[in-house]
Each structure stands twice: as C-alpha cells, then as structure tokens.
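Using the sequences and the hints given, assemble the complete structure.
Mind the numbering: the sequence shown is residues 1 to 86 in the UniProt record's numbering, read in order.
Worth flagging that the hints you see were computed from the coordinates, not collected in a lab.
Hints may contain errors.
Dumping the calculated DSS-like pairs for lysine-lysine here, alpha-carbon to alpha-carbon at most 27 angstroms [as the list claims (entries may be wrong)]:
1) K58 <-> K22
2) K22 <-> K48
3) K48 <-> K58
4) K65 <-> K48
5) K22 <-> K65
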Amino acid sequence: MRDSKQYSRRQLFTHFARPPVKQPRLVISNTCDNLYGYCESCNDSCSKQAITWYADKKPVIDTDKCNRCLECIDACFISAITMTEE
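As structure tokens, then:
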C-alpha cells in the first residue's frame with residue numbers, strides 16, 4: 001500500500017495553484033563572430049565568467065553561473081546574444 005503525502009492548505013495553494021515561473025535565459029545565435037574568428041567581447045564583460053569559449057564554435061552560456069545582468073548583450077557589437085523565455 002502506498003503512503004500518501006500530507007500537504008497543508010498553504011502548501012497546496014502556493015505549490016499547486018501557481019504555474020511554474022519561467023526564467024528568461026540568454027541565447028547566442030549562429031551569427032556570433034566566434035564562428036569566423038575570435039571576438040571575446042561578451043566573455044570580457046561577464047563578471048561571473050558564465051561564458052565558455054570553444055574553438056570554431058559559438059560560445060556557451062552556463063545558466064547556473066549566469067545572473068542575467070545583461071552585460072554580455074550590451075558588449076556584443078553584432079547583437080548575437082538575446083534574451084528568451086524558457
């Protein structure tokens with residue numbers, strides 16, 4: 001027999017009645033200059049070091065380190081970084 005978990009009224013209301021909050025995330029498009037050369041302007045502007053560079057591929061943003069300060073968007077001179085809803 002399964003044990004049923006007991007919830008308080010507050011837990012039921014706050015956890016189950018509200019839809020999950022979607023966190024915005026940063027996305028780097030395929031127009032990033034790192035595909036054709038080496039830029040590193042967004043990496044230099046990131047104080048949390050959340051951007052990882054790879055040779056001949058676009059950079060990757062670590063969502064755990066990123067605090068969504070948007071400094072990388074301001075630093076990208078070709079607007080390759082955008083904010084999207086997850």
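Now the hints, each set against the structure:
1. K58 <-> K22: With Cα atoms ~25 angstroms apart, K58 and K22 stay inside 27 angstroms; holds.
2. K22 <-> K48: Within the cut-off at roughly 22 angstroms; holds.
3. K48 <-> K58: OK: K48 and K58 at ~19 angstroms, within 27 angstroms.
4. K65 <-> K48: OK: K65 and K48 at ~6 angstroms, within 27 angstroms.
5. K22 <-> K65: holds, 17 angstroms
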